[in-house]
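Chains as they are written, first to last, in my numbering: chain S, 1 to 391; chain Y, 1 to 234.
Just so you know, these hints were derived from the structure itself, not from any lab.
Please note: incorrect hints may appear among the correct ones.
Computed far set for chain S versus chain Y, every beta-carbon distance over 12 Å [to be verified]:
#  : residue
1  : Leu6
2  : Ser9
3  : Leu10
4  : Met17
5  : Leu20
6  : Gly137
7  : Gly167
8  : Glu238
9  : Tyr244
10 : Ile270
11 : Leu320
12 : Asn383
13 : Arg389
14 : Glu391
Pairwise CB distance ranges (calculated) [to be verified]:
#  : chain 1 : residue 1 : chain 2 : residue 2 : range
15 : S       : Met285    : Y       : Val142    : 32 to 42 Å
16 : S       : Leu24     : Y       : Glu196    : 48 to 58 Å
17 : Y       : Thr185    : S       : Leu370    : 48 to 58 Å
18 : Y       : Asp170    : S       : Leu370    : 49 to 59 Å
19 : S       : Trp377    : Y       : Pro50     : 53 to 63 Å
20 : S       : Pro358    : Y       : Glu202    : 31 to 41 Å
21 : Y       : Ser128    : S       : Leu24     : 55 to 65 Å
Examples of chain Y residues toward chain S, derived with CB under 10 Å [unchecked claim]:
#  : residue
22 : Lys122
23 : Gly124
24 : Arg129
25 : Leu153
Think of the CB as a built atom: it goes at the ideal place given N, C-alpha and C, for glycine as much as any other residue.
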Amino acid sequence: MAGGSLFFSLAVRNLQMHWLRSLLAAIGIIIGVMAISSMGILGNAFSLSITNSLSSVGDSIVVTPHVGYQGGMSSVSTSERLSDRQIELIRRAATNSKVFPIYAGGDRIKVQRDTLYASIYGIDPKDLPTLLEIQKGQYLRGASGVMIGAKLAKDNNLTIGSRILIGEIESGVRVVGILKERGMGFDINPDNAIVTSDLWYRDFYETRGHDQAIIKAADIKDIEQIKSSIEKQLNKRETEVDVYDTRMILNSITETFGQITLFTMAIGGISLIVAGVSIFNVMMMSVMERYKEIGILRSIGTKRAEVRSMFIYEALILGLSGSAVGGIFSFAAGYLVVAVLMKDVSYLYNPASLIQIPYGMAFGIVTSMLSGLYPAWKASSLNPIDALRHE
Amino acid sequence: MTLPIMTDTGPVMEFSGVSKIYPLASGNVTALLDISLQVLPGEFIAIMGPSGSGKSTLLNMMGCLDVPSKGEVYIRGRSIRSLSDDQQTTLRRDELGFIFQQFNLIPLLNALENVRYPLILKNGMTASRERCQEVLAAVGLVPTLWYHRPTQLSGGQQQRVAIARALVNDPAILLCDEPTGNLDTKTGQAIMALLEQLCHDEGKTIIMVTHDPRTAEYADRVIQIEDGRIREEV
C-alpha cells in the first residue's frame, strides 16, 4: 500500500477535527482500562495477602479418619479415630518425615467468671517445639499445665499462671505458655485454642485413638510419595483415612481467588465494552459524515484496503492513546484501592499485580480495534458512485 | 499493482454496444441503451442531454466507477469488466483525472496536500512536492494560496486545485462533470480556457458532461444523449 503514513495522518487530522468526540471516546477507554486493571490488581492483592498468611503451612500432610456414611440418608458418623495401628502404618509410610499424632476437640471452658467455648488439642510435649512457636512462658513439661493461643490469651486477659477450668467438671489447669499467633491453618488452629499434653487429654476425655496426624515432610518433594504410600497402606481394601496436603488446599484457595479476580475483572470489562460501543459509535458517525469524502477518495484512486486502513488507524489511535493514559491512571487507581482496602501497598508492586496494567491496556486496544473493524469495512465497501452523490 | 502496457495509438476509450440496466422492484430501468462510441487521443468531447438522460451513467463508466450490464467499455485498450476492483482503482489513479462540479477536494487537506494526494497514492510518501507546485502554478493558483484549506478558497480557486489534482499523475484522460456548474460566468470561462489549453497544448483527452451550450462550444465534438441513447453527434 502506498503512503501508509498518509492515511495515518488523515486519521489523526480527522480525530483532531472532531476532538471532543474523540476525547470522549478515549475517556471511555481510559475508564475501561482503569476498571479492568484496578480490579485485577485488587483481586491479585487479596490473593497474595491470603497466600502469604497461609504459606507457612504449605509443607504438611494431614491424615484424618475417614468419615463414613452409614447408609443413604442417615447421619454422618464422626466417632472415628486413628488407631495406634493406623498411626504406626502412617509412620511407616512417612519414612524419614516426622509424624505428629494429635487429639483434637472442643469444650466449654471457664475463665474467671466467663464461660466460653474453645478448641482443645492434646499433643505430645516433645512435638510441641516443632509444631508451634512460643511467644511467652514455656513449653509443656510432662502432663502438667497448658499452653494457650495468642488470641485466646489476648481476648481474655490471660497470662502465664492464669487458671482455666475445662469441661463440665471444671477441671482446673494453669497456663504455662502462650503461643505465637499463627494465622489460619489447615492442620491445627491454635490461636483460639488450649494445647494440653497428650496424656492429660487422653486421661481427661478417656479417648481411644487420635483425631488426626500431621506429617511434616522432610522434603517438600516427598509429599506426593508419602500421600500415595499412606493411601496404599491404609485405604487398600476400604477407605480408612482421608489424606490431604495443605499445599493442595492452598492451591484450591488460590484458584478460587483467581476466579474471584477474574469475575471482578469481568465487571471492569463491562465498562470496556461500553467504551467499545462508544468507539463504534464515533467511528460509524465518522463514516457516515464522510460518505462523500470516501467517494472522492475512491474516485481519485484510493483502494478499498487504503480506505479501511484510514478508519482502522483512527480506532487504533483512540485505543492506544486511551489505553496509555488508562494504564497510567490504573497505577494510581490500583494504589488507591489497595491502600484503602488492604492497607498495604506492597501488594501493588508485586509483578503479578503490575502485570494487570498491561493486560488492561491490551484489552483496551483490542476492544478499540474490534469496534473499528465494522465501520472500517463499511467505509471501504461503499459504492463510490453512491458515496459521491451523498450530500 | 502494475497494469499491462498500453498502446498510444488508437482510441483511448471505446464503448461497444453498451447498455446499463438497473433492476428495481418496480421494474428494470434502462439508463443506457446500446451505446457505441470511440474517443480518440487529444479530443475534447462534450456530452449533453437533459436530466435523467443517462449522461452521468455514461461518465461513471468512462471513469471506471461502474460497469456495463451489456456490451464492453475499453479504456486504453482494456475492458473494464475484466479488471478487479483494485485494478479499476489503479486505472482511475494513473490514467484518469476527475473534475467535479462540487470540486470535491478533501477538506482535511490544504491545496498542496490535495494535489499531492494522488501522487502519494502512486509513488508513496516520497511523492515530489515540486511536481505539485509546478502543476498548481500551471493551473494559475498563486503560491500564497497553496497552504489554504478548501474552505478558505473561492469556487474558482478550488476548481483550479481540483484540476491540478486531476493532472498531477499526468493522466491521458480528464473527465469533467459540469466543471463550471458552480462558478460564475467569468470564472467559468477562465476554467474552460484552462481545459482547452490542456487539451490543445498538452494533448489531454477531455470528456465533459454539461448542459450549458456555451460551455459545450469549447468542445471539438458534442454528443447529445436522450433516454439513454446517443441522439446526435456534432
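Hints violated by the structure (numbers, ascending): 1, 2, 3, 4, 12, 13, 14, 18, 19, 20, 21, 24 and 25
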